[in-house]
Amino acid sequence: MRSYLQLARPANIVTAWADVLAGFAVTGGIAAVHVQADTLGWLLLATTGLYGGGVAFNDVFDAGLDAVERPERPIPSGRVSRRNAAIFAGLLLFVGIAAGFAASPAAGLLAVA
Numbered sequence: 130m131r132s133y134l135q136l137a138r139p140a141n142i143v144t145a146w147a148d149v150l151a152g153f154a155v156t157g158g159i160a161a162v163h164v165q166a167d168t169l170g171w172l173l174l175a176t177t178g179l180y181g182g183g184v185a186f187n188d189v190f191d192a193g194l195d196a197v198e199r200p201e202r203p204i205p206s207g208r209v210s211r212r213n214a215a216i217f218a219g220l221l222l223f224v225g226i227a228a229g230f231a232a233s234p235a236a237g238l239l240a241v242a
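For the sequence shown, position 32 matches number 161 in this note's numbering, and the numbering has no gaps at all.
Treat the hints as calculated values from the structure; they're not laboratory data. A quick note: this is a predicted structure, and the numbers were derived from the prediction, not measured. Virtual Cβ for every residue (Gly too), placed ideally from N, Cα, C. Treat each hint with caution, since some may be false.
Derived Cβ-Cβ restraints for the label pairs, each shown as a range [to be verified]:
1) Arg211 / Leu150: 31 to 37 Å
2) Gly170 / Leu238: 15 to 21 Å
3) Leu150 / Val197: 34 to 40 Å
Make the full structure from the sequences, and use the hints.
Structure follows, in structure tokens:
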């Protein structure tokens, strides 16, 4: 499980959350009439899935380079197969898109884009 988490770079996901929180605050957040209280949670989950899936796919596509330059990473070290990493990345992207649509149709369409 730890190797899969390493693919998603959880320490970096926190920086993506900061972007969502800043945007949420600038637009009025929960105080805004059109925003429901659970929207922020969905947006945070969406950015987690989209960011995590994106960096995991980066490792899938850069596995050859990582084997030379970063052999300790999960794929080149053999702790996660390239196929399983791609499945994991796809699932994260799916979660990100689904959470985007749960937040709002516009957020879902942006997640797809």
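Do the hints match the structure? See the list:
1. Arg211 / Leu150: 31 to 37 Å: holds (34 Å)
2. Gly170 / Leu238: 15 to 21 Å: holds (19 Å)
3. Leu150 / Val197: 34 to 40 Å: holds (37 Å)
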